[in-house]
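Undergrad: Based on the sequences and whatever the hints tell you, model everything.
Protein chains: 4
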Amino acid sequence: MATKAKIGVLGASGYTGSELVRLLLRHPRAEIALVTADRRAGQEMREVFPQFAPFDLPKLVSIEGLDWKNAGLDLIFCALPHATTQKVIKGIFAANPAAKVVDLSADFRLSDTAAYAKWYGHEHYAPELQKQAVYGLTEVYRREVKKAQLVANPGCYTSCAQLPLLPLIKAKAIDTDEIVIDAKSGMTGAGRSAKEAMLFSEVSEGFHAYGVGGHRHMAELDQEFSKAAGREVVVTFTPHLVPMNRGILSTIYVRGKRGRTPSDLHVILLKTYMKEPFVHVLPFGETPQTRHVRGSNMTMIGVANDRIPGRAIVVAALDNLVKGASGQAVQNMNLMLGYPETMGLEQVALFP
Amino acid sequence: MATKAKIGVLGASGYTGSELVRLLLRHPRAEIALVTADRRAGQEMREVFPQFAPFDLPKLVSIEGLDWKNAGLDLIFCALPHATTQKVIKGIFAANPAAKVVDLSADFRLSDTAAYAKWYGHEHYAPELQKQAVYGLTEVYRREVKKAQLVANPGCYTSCAQLPLLPLIKAKAIDTDEIVIDAKSGMTGAGRSAKEAMLFSEVSEGFHAYGVGGHRHMAELDQEFSKAAGREVVVTFTPHLVPMNRGILSTIYVRGKRGRTPSDLHVILLKTYMKEPFVHVLPFGETPQTRHVRGSNMTMIGVANDRIPGRAIVVAALDNLVKGASGQAVQNMNLMLGYPETMGLEQVALFP
Amino acid sequence: MATKAKIGVLGASGYTGSELVRLLLRHPRAEIALVTADRRAGQEMREVFPQFAPFDLPKLVSIEGLDWKNAGLDLIFCALPHATTQKVIKGIFAANPAAKVVDLSADFRLSDTAAYAKWYGHEHYAPELQKQAVYGLTEVYRREVKKAQLVANPGCYTSCAQLPLLPLIKAKAIDTDEIVIDAKSGMTGAGRSAKEAMLFSEVSEGFHAYGVGGHRHMAELDQEFSKAAGREVVVTFTPHLVPMNRGILSTIYVRGKRGRTPSDLHVILLKTYMKEPFVHVLPFGETPQTRHVRGSNMTMIGVANDRIPGRAIVVAALDNLVKGASGQAVQNMNLMLGYPETMGLEQVALFP
Amino acid sequence: MATKAKIGVLGASGYTGSELVRLLLRHPRAEIALVTADRRAGQEMREVFPQFAPFDLPKLVSIEGLDWKNAGLDLIFCALPHATTQKVIKGIFAANPAAKVVDLSADFRLSDTAAYAKWYGHEHYAPELQKQAVYGLTEVYRREVKKAQLVANPGCYTSCAQLPLLPLIKAKAIDTDEIVIDAKSGMTGAGRSAKEAMLFSEVSEGFHAYGVGGHRHMAELDQEFSKAAGREVVVTFTPHLVPMNRGILSTIYVRGKRGRTPSDLHVILLKTYMKEPFVHVLPFGETPQTRHVRGSNMTMIGVANDRIPGRAIVVAALDNLVKGASGQAVQNMNLMLGYPETMGLEQVALFP
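Chains as they are written, first to last, in the numbering used here: chain A, 1 to 352; chain B, 1 to 352; chain C, 1 to 352; chain D, 1 to 352.
These are calculated hints, taken from the structure and not from any lab test. Don't take each hint at face value.
Remember, identical chains collapse to one label, so a pair may be satisfied in a single copy or spanning two.
[Said to hold, decoys possible] Straight line, CA to CA, 27 angstroms or less: simulated DSS-like cross-link-like pairs of lysine-lysine:
#: 1; residue 1: Lys271; residue 2: Lys131
#: 2; residue 1: Lys69; residue 2: Lys90
#: 3; residue 1: Lys257; residue 2: Lys131
#: 4; residue 1: Lys118; residue 2: Lys146
#: 5; residue 1: Lys275; residue 2: Lys90
#: 6; residue 1: Lys59; residue 2: Lys257
#: 7; residue 1: Lys59; residue 2: Lys271
#: 8; residue 1: Lys87; residue 2: Lys271
#: 9; residue 1: Lys87; residue 2: Lys257
#: 10; residue 1: Lys146; residue 2: Lys69
#: 11; residue 1: Lys59; residue 2: Lys275
#: 12; residue 1: Lys195; residue 2: Lys131
#: 13; residue 1: Lys118; residue 2: Lys271
#: 14; residue 1: Lys4; residue 2: Lys147
#: 15; residue 1: Lys69; residue 2: Lys59
#: 16; residue 1: Lys90; residue 2: Lys118
#: 17; residue 1: Lys170; residue 2: Lys6
TA: Structure below.
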């Protein structure tokens, strides 16, 4: 039997943390060796997430005082809140320059630390580390991820916009001045912190937009879209909250350039993703639903005609906790540790 | 005590029918004198909708064989399926030329019977009647509704797009070639018919677009927007289904024309609706949520800056069964019978 | 036009508080003159509950420093957290001995202050006031409520158990040693405080029992059931949380005494509630559903045969925020102010 | 690599059918060789369940005309509607006496064909086959299942009552005349047929009991409980529907016999299930939640004190589509084919 890599999960009491635990528990080459949660330190995982009661897992510990040099971890997932993360990861690499880290926060996603400072309102705490961070949308940066020590796992909203749009932008097939992304997310995207606005009674039977005109995720889109286009791209993006647990659906409005029809756009996506295990392009005219990717690492993309000639409607769906976070992170881990990319990520969607 | 008008509700076993009964039961000047439902004829309303068990209501009867001439009804609500409706209403007016009817179906909404034939795939069955039908978006056609005998109550999706957009189009404040309406509706919009796709287990934890690129509601939008603009307007419109019962939220992307900023658009809406009892414009930058209008006849509208200069995001919310259907219908009834417009429609939204 | 009573709502930022505001806004003889919320003092109601944006309401103030003597309030609703309430109400009566108060907390429900101390873990802070408090289950204590100055509004779970059981216990028709009450509540019963366990993502797709074997509501049941039976009655009671907003459903297992059949029990309930406006007994064998009372002040009760001879299953349903809290409170207000008991409480249930 | 068994799934367009496909797609020793669905014959699985779009699966065929003798199937799952099933399985064994079948319907669960006729209102269509059918609650009939050719997979409600109660009944630790089972199920338990009462808008925000006093599942409980007790046992059982997709929770009220305390009952369950991979007994006083078993084959059981001395409250939770149906069926398949019992069933629960 093959040896197992020893894995640490920092921030295991949140939803992306528990999702990492769910996936790693069944990963044939991973062993969960460390789980941290500062406020729940000393407790068992089963007290924080009772679904893990039947499994053997280490006790939760505090991140403080951990000896990163001698921890013997082959890879660390960092599922900590924004900003804290830069300091923690800086500490890890200071103690152990050979460490491998996949960070699920937004802290290392912007290569331009000035853009980071502008969007997040404070200086970057680890600008030197930022230089070696690889942006972890595997389908785009597969080669870089394989060699990376620090991977910045992409955001859930942005993954659900980049996977359908990047191939079209790269092919110069759409007008980049007129992209409208109307995105809808399940509630787990808001995390596990106890806020009034996230209570069941506030959310159930409710639907609404938020962060209208200025959501932070836009910085990440600006960066990747501009890079793909070779010029500055600024898109319109509105996130909404849906009364459901999991799933993001992006409805994207684009105009074909230089005579490209919606069918042409469909062909570009089909070709790009033909061999990708975690992106599935539907037949032309069909559009995906969040429930058909729930619990899986799959992204589904559809393209349809708008009735206005030359315009297309592109719809993408993924599970924000899997392909939008922890599944994507495990996909990156697999590459960083030399495992097959799909290992431990073959769950079929749970529907109904 | 003032006398009560005798009211008939055709199609009382569906959701818009039951919503009419809910509103009329507490309307001080209305008496429910007739309720029909062909497949449930002979049953009590309580067997079809147990929430009415504590109330006295007539037994459900079949529509067939009713003597419209001597029925003694002051006004008839028609909440029947599409197409059937044209024939039924034709029959009503043939028997009783003085009848007053508010039709909640799509059958009399398109003044151009050729457009009707194109979108619905068959000839209009009552083209003569169509000529006298008044489109019943009260805020726009108040004067016409007061004198009407046949009112075509607008659709729920289209109301939630017209109320925010019509004032902007009329003021020539936005570019009518670049309007994108991304609309989301609760499940009651799909009616009460037993379809696999509407089952709880199919819908819960799901979110999806449908009718992408070609929903029938577009015909109604084309008509009213073109009329308001004085030229042909064709918008992009995508409906989605949300796992909740009630509510429509439209996220609308527009570009200001001739230097109009989002704030300018906000002022136009604010002025238009200042005195309207059922349209409330939020402070600039705030956007509405479906749960805050649930069960009420209120529409809430918000305007915010897009980050792309010159572009605005307009968001509107209403309850598809009230302002989007039965409340709107009672509002029209009030005008047709000479009652105060808000009578019986003063319910405060039920949240949580 | 009749004059309106000036009403105060203490604790208007919680769910029972907002529900009082919803009902009072449409009550023909009530004017909301004061709304308090300590942490939200200085804000408008629309900032706390956006559904009230279209209405004129006083600004929220802090409870501290209010001059109860000169406030000019005809009646005060107290929707404050447990324990605080005893002190606040003591202060009100100290300043204004002629005050009228309906308290929605548990603070004055137990006439035995020793029982209070036992269940709540501290001495009663206003034992003198307790003596004059009337337990406000209107159907049972109508006469006392009419003359009361301080009414202790019953709990939601307990109302949904008392209304079906009290008539059976009083008639000595069931074995009081063998009552099992399996109760299920929507999430609003847990209030509006931001707790992890109440987050949408924790609750949706979840169902569970809590407080198994020892919920505080039992004290209230013990008191009223023992009083009705003329001997000590201790029931088995298990509360559960349902992923929905509103509604309590109690499934109650009883054994008929002295040959009473389930039909006999049904007849007792039917007779008891024949003329009650807010209790509706269904035909024998039918059982109620929470959705058919949602948003209304109605209680629905059904009785069916168990297949074990002599045993019956009694099911009751009410809206925890209306008949289980704020509607019940307004019903009491109506009696205390000499208004018709049903005034302002005639809303029909909102289904779907 | 080990060879794979060829598996047939009859009735693959329903929820238990799709759940079998979900599990078998990832089972290391199973190959889905046949999927049937009469009304969807000729379609791809992806048209019926889009979540299977990324996978290679055979096309759906009609059951009629299949050549069971030469189909080369190692095992057949039968997820067909009640009654049809007896005839289909009779046909299978007639053509191929060496066939192995796991039937997920109720058709072969009652060993007494007279009891079957009484509860189902018609004669048993395959009484000879009934004799060899093994009741497939694996934890109880493991030895028999291993040698069986026809396994009658237990019902979801009944599994969630038998697993907690059978050990207590066998140990003569509880009074079998006083068992009350209050059971709550998610909506997938009602299947995928398009019925009005199962529509999202009917179910959401609703909770109710059904089949009060006389649900068919009782026959199965009577059989197994009486067998375990060595005398006739008749329990009180009420099923309820919860607005969620998956999960059954049973709240069970029992009285200890001969001085057995709730702790004693807990010890019995703990010992019984100590080594079972799919039953987890929680620490005394803790009770399970449906969300912590969702998507997994796990059953969780808790025991707590009732406040009435001598009485205990036992709560059990499982996923009705997994341990309550398709997971249980695969568990039986594993034994029938000589595979490890847990193979392909190691999914961790999907929460949130």
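Undergrad: Next step is simple, just say for each hint if it's right about the structure.
TA: Do the hints match the structure? See the list:
Proximity of Lys271 to Lys131 under the C-alpha cut-off of 27 angstroms is found in neither arrangement, the shortest distances being 32 angstroms within a copy and 52 angstroms between copies. For the homomeric pair Lys69 and Lys90, the shortest alpha-carbon distance inside one copy (13 angstroms) is at most 27 angstroms, but the shortest distance between copies (62 angstroms) is not. In this assembly of identical chains, the alpha carbons of Lys257 and Lys131 never lie at most 27 angstroms apart, being 35 angstroms within a copy and 43 angstroms across copies at closest. Taking the shortest alpha-carbon separations for Lys118 and Lys146, neither the intra-copy value of 30 angstroms nor the inter-copy value of 56 angstroms comes in at or below 27 angstroms.
Taking CA atoms no more than 27 angstroms apart as the test, Lys275 paired with Lys90 passes in neither setting, with 36 angstroms inside one copy and 45 angstroms between copies. Taking the shortest Cα distances, Lys59 and Lys257 never come within 27 angstroms of each other, neither inside one copy (56 angstroms) nor across copies (39 angstroms). For the identical chains of this complex, Lys59 and Lys271 are inter-copy neighbours only, at 25 angstroms across copies versus 46 angstroms inside a copy, given an alpha-carbon limit of 27 angstroms. In this assembly of identical chains, the alpha carbons of Lys87 and Lys271 never lie at most 27 angstroms apart, being 41 angstroms within a copy and 48 angstroms across copies at closest.
Taking CA atoms no more than 27 angstroms apart as the test, Lys87 paired with Lys257 passes in neither setting, with 44 angstroms inside one copy and 47 angstroms between copies. Taking CA atoms no more than 27 angstroms apart as the test, Lys146 paired with Lys69 passes inside one copy only; the shortest distance there is 23 angstroms, against 51 angstroms between copies. Within a single copy, Lys59 and Lys275 get their C-alpha atoms only as close as 40 angstroms, which misses the 27 angstroms cut-off; across copies the closest is 23 angstroms, which meets it. Proximity of Lys195 and Lys131 under a CA criterion of 27 angstroms is satisfied in neither setting, with 35 angstroms inside one chain copy and 39 angstroms between copies.
For a Cα distance limit of 27 angstroms, the shortest separation of Lys118 from Lys271 qualifies neither inside one copy, at 37 angstroms, nor across copies, at 36 angstroms. In the homo-oligomer, the alpha carbons of Lys4 and Lys147 lie at most 27 angstroms apart inside one protomer (20 angstroms), although the nearest pairing across protomers, at 37 angstroms, exceeds that limit. With identical chains, the CA atoms of Lys69 and Lys59 are at most 27 angstroms apart within one copy only, with a shortest distance of 20 angstroms there and 55 angstroms across copies. For a Cα distance limit of 27 angstroms, the shortest separation of Lys90 from Lys118 inside one copy, 21 angstroms, qualifies, whereas the shortest one across copies, 54 angstroms, does not.
With identical chains, the CA atoms of Lys170 and Lys6 are never at most 27 angstroms apart, being 38 angstroms at best within one copy and 45 angstroms at best between copies.
Figure legend: structure checked against the earlier numbered hints; hints not met, in rising order: 1, 3, 4, 5, 6, 8, 9, 12, 13, 17.
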